[in-house]
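In order, the protein sequences belong to chains A and B. If you read the first sequence in this note's numbering, its first letter stands for residue 88, the second for the next number, and so on. If you read the second sequence in this note's numbering, its first letter stands for residue 274, the second for the next number, and so on.
Careful: at least some of the hints might be erroneous.
With a straight-line cut-off of 16 Å between C-alpha atoms, the simulated EDC-like cross-links for lysine to aspartate or glutamate are [claimed, not checked]:
no., chain 1, residue 1, chain 2, residue 2
1, A, Lys314, A, Asp390
2, B, Lys521, A, Glu255
3, B, Lys325, B, Glu476
4, B, Lys512, A, Glu382
5, A, Lys211, B, Glu492
6, A, Lys379, B, Asp419
7, B, Lys512, A, Asp396
8, B, Lys470, B, Asp353
9, B, Lys501, A, Asp390
10, A, Lys105, B, Glu434
11, B, Lys501, A, Glu255
12, A, Lys170, A, Glu269
13, B, Lys499, A, Asp396
14, A, Lys144, A, Glu255
15, B, Lys471, B, Asp353
16, A, Lys304, B, Glu434
17, B, Lys430, A, Glu278
18, A, Lys379, B, Asp510
19, A, Lys410, B, Glu520
20, A, Lys369, A, Asp387
21, A, Lys412, B, Asp353
22, B, Lys286, A, Glu399
23, B, Lys512, A, Glu269
Negatives, chain A to chain B, calculated, CB over 12 Å [to be verified]:
no., residue
24, Gln123
25, Gly131
26, Ser305
27, Ala389
Simulated from the structure, these hints should not be mistaken for laboratory data. Beta carbons: idealized from backbone N, C-alpha and C, even for Gly.
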Amino acid sequence: MSNGILVFVEHRQGVINKVSFEAVAAAQQLGASLGQEVTAVVLGADAALANEVTGFKLAGVVSAENPKLADYTPDAYADAFEKVVRAREPQYVIFPHTYLVRDFAPKLAARFGKGLVSDCVRMKAEGGAVTFTRRLFQGKMDADVVASGGGAVFATFQSGAYRGDQAERGGAAAAVESVAVEVGEVRMQPEAPFQEVKAAVDLTKTDVIIAIGRGIKSQENIALAQKLAELLGGDIAASRPICDAGWLPIDRQIGSSGQTVAPKLYIALGISGAIQHLVGMKNAGTIVAVNKDAEAPIFDIADYGIVGDLFEVVPALTEEIQKLKG
Amino acid sequence: MKIFVLMKQVPNKDAVLRVRGDGKWVEEGDLSFEVNESDGYALEESLRLKEKKGGEVVVACLGPQRAKSVIKDALARGADRAIHVVADDFAQAGPFAVAKVLAEAIRGEQPDLVLAGLQSDDQGYGQTGVIVAELLGLPHATIVIDVDYSSEQLRVKRELESGWYQWYTMQTPALLTIQSGISQIRYATLKGIMAAKKKEIREAQPAIAAGEGEFQTVERVYLPLKQKQTQFLGDGDAKKGAAQLAEKLRNEARVI
Ligand SMILES: Cc1cc2nc3c(=O)[nH]c(=O)nc-3n(C[C@H](O)[C@H](O)[C@H](O)COP(=O)(O)OP(=O)(O)OC[C@H]3O[C@@H](n4cnc5c(N)ncnc54)[C@H](O)[C@@H]3O)c2cc1C
Ligand SMILES: Nc1ncnc2c1ncn2[C@@H]1O[C@H](COP(=O)(O)O)[C@@H](O)[C@H]1O
Chain A
88 MSNGILVFVE HRQGVINKVS FEAVAAAQQL GASLGQEVTA VVLGADAALA
138 NEVTGFKLAG VVSAENPKLA DYTPDAYADA FEKVVRAREP QYVIFPHTYL
188 VRDFAPKLAA RFGKGLVSDC VRMKAEGGAV TFTRRLFQGK MDADVVASGG
238 GAVFATFQSG AYRGDQAERG GAAAAVESVA VEVGEVRMQP EAPFQEVKAA
288 VDLTKTDVII AIGRGIKSQE NIALAQKLAE LLGGDIAASR PICDAGWLPI
338 DRQIGSSGQT VAPKLYIALG ISGAIQHLVG MKNAGTIVAV NKDAEAPIFD
388 IADYGIVGDL FEVVPALTEE IQKLKG
Chain B
274 MKIFVLMKQV PNKDAVLRVR GDGKWVEEGD LSFEVNESDG YALEESLRLK
324 EKKGGEVVVA CLGPQRAKSV IKDALARGAD RAIHVVADDF AQAGPFAVAK
374 VLAEAIRGEQ PDLVLAGLQS DDQGYGQTGV IVAELLGLPH ATIVIDVDYS
424 SEQLRVKREL ESGWYQWYTM QTPALLTIQS GISQIRYATL KGIMAAKKKE
474 IREAQPAIAA GEGEFQTVER VYLPLKQKQT QFLGDGDAKK GAAQLAEKLR
524 NEARVI
């Protein structure tokens, strides 16, 4: 069976989520290796957003429509997407690994008796067989996974795994096929999305960020990092567990559910480098990591690394900088 | 109100991982284990709900005998009883198989609420809870960071990306996947630890065999390939590393 590849294009409040283009690039690459066509799927109340993806090199765009799809809910999305999958019987369904996809795609896959091959960082297609690579242990291990059995394979790709600007554009606009889909009972009612009151500190404007992770061990030890930050004229930030524990306020959190920053210098102290943290800081100019584990994933994106105990490194570094500053 | 909490035992976060001989999983022999981070928060939330609404909190766990330590700790913190689906060979099982086993283990109990963590720290599928909800026919909400069940209606605050949030009103019974940091986790008291000894842990068999009805197979596990050429400084000597780094920060990054 070879009925092509579907790729999900996500939007919120009338704006397409750019990571969808990364999924389009992934799907196109898979399509090229397998000799299969790629069709985009947009869910919504009408075809307005479907028209925005017709510029990509696609066999077509399916716009699955129902008034209940105006606001995102997992019930409505799973119902609508299920109809599309049943009608087209694709071999692969590709998604970006976003919070919205995490919310409904496992439900969709479950209706086909499957789970998702989730959060993939790459894939390889050889002789018709596809091997997906997923991250395990918060980025500390990779696993090559082969999906088998009949029917569609549902896979999600981690943000940054493919480049959205490499999604191929087509010559002629892809045709939009509007289909009215049935949606059953929706058992949850969303209210309007909101942001918490404006953050007290705007870390996007700082040149130097000293970020601490669980390796800092206790709230009192934060003073060590604070001192270094003052010396470099920078600000203090943290990984999620530090804010979860209440050691620093949430507006200091860097990552997918916190702030996204790109300072000139980012020093990560005792942070392992889970993807949800990396997405918030990987575009910093210079990245320094101090970690006692030489295999910590943070070193994969660091320009400079010190493998060692931060309680030795940080005081020594503070002293050296003091010396240099005279 | 009957609340089920899905709790998984995972290797310690600071564990040094080695690939097992067959290349398909990590060597478990030299690891120590702990509760999955978000599951600890799921338990805390269920205990708080019980304190407000009454009822019982039941832990459901799929794992080998060593997972008992997670169960006992949960009972010591205040859970009322537990169902332990005992199996040695589910460490690499895919999300559908795991969800199927957990769903069957609690189906007959007709819970009012099921709470799961949002993601496991080892497999990181990020989907077991949602699949359990589908198999049990429950509505669900993921990445929940606040639960308001003060009135008849269940209202939950979901975390969206980049600092956005959204409240949902849910029909019940429902399944929620809980985000870390939803509240501060209590410690087990001595009294709790003593009381836990008398609480029921019912052992059960998995409803399906590991690998049955699963469509993803792990071929190989390995350390990720490095993409960036990190300059390592100090060669294991903290002082030397610090001095070299200070130089780099001045001459190359130019921040001093
Ligand atoms: C949906 C979702 C959203 C998330 N959002 C975010 C987010 O916005 N931001 C975020 O940061 N995380 C987020 N997370 C959590 C993320 O997955 C990781 O759990 C988290 O980033 C880990 O924080 P950490 O690196 O501080 O802790 P750990 O992973 O526990 O790492 C601690 C590190 O410190 C090192 N260490 C320990 N002691 C020392 C020492 N003495 N000296 C030097 N090094 C030492 C260890 O080797 C280890 O590498 C999210 C997770 C999910 C599922
Ligand atoms: N073996 C297990 N036993 C109990 N709960 C589990 C198990 N595996 C997964 N879960 C639950 O499902 C959540 C998500 O796991 P995962 O889909 O693997 O990321 C976890 O946080 C747990 O609440």
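Hint check:
no.: 1; hint: A/Lys314 <-> A/Asp390; result: violated (23 Å)
no.: 2; hint: B/Lys521 <-> A/Glu255; result: violated (40 Å)
no.: 3; hint: B/Lys325 <-> B/Glu476; result: violated (29 Å)
no.: 4; hint: B/Lys512 <-> A/Glu382; result: violated (21 Å)
no.: 5; hint: A/Lys211 <-> B/Glu492; result: holds (13 Å)
no.: 6; hint: A/Lys379 <-> B/Asp419; result: violated (35 Å)
no.: 7; hint: B/Lys512 <-> A/Asp396; result: holds (11 Å)
no.: 8; hint: B/Lys470 <-> B/Asp353; result: holds (11 Å)
no.: 9; hint: B/Lys501 <-> A/Asp390; result: holds (8 Å)
no.: 10; hint: A/Lys105 <-> B/Glu434; result: holds (13 Å)
no.: 11; hint: B/Lys501 <-> A/Glu255; result: violated (26 Å)
no.: 12; hint: A/Lys170 <-> A/Glu269; result: holds (8 Å)
no.: 13; hint: B/Lys499 <-> A/Asp396; result: violated (22 Å)
no.: 14; hint: A/Lys144 <-> A/Glu255; result: holds (6 Å)
no.: 15; hint: B/Lys471 <-> B/Asp353; result: holds (10 Å)
no.: 16; hint: A/Lys304 <-> B/Glu434; result: violated (27 Å)
no.: 17; hint: B/Lys430 <-> A/Glu278; result: holds (10 Å)
no.: 18; hint: A/Lys379 <-> B/Asp510; result: holds (11 Å)
no.: 19; hint: A/Lys410 <-> B/Glu520; result: holds (11 Å)
no.: 20; hint: A/Lys369 <-> A/Asp387; result: holds (10 Å)
no.: 21; hint: A/Lys412 <-> B/Asp353; result: violated (60 Å)
no.: 22; hint: B/Lys286 <-> A/Glu399; result: violated (22 Å)
no.: 23; hint: B/Lys512 <-> A/Glu269; result: violated (66 Å)
no.: 24; hint: Gln123; result: holds (19 Å)
no.: 25; hint: Gly131; result: holds (18 Å)
no.: 26; hint: Ser305; result: holds (15 Å)
no.: 27; hint: Ala389; result: violated (5 Å)
Comparing the model with each earlier hint shows violations of hints 1, 2, 3, 4, 6, 11, 13, 16, 21, 22, 23 and 27; every other hint is respected.
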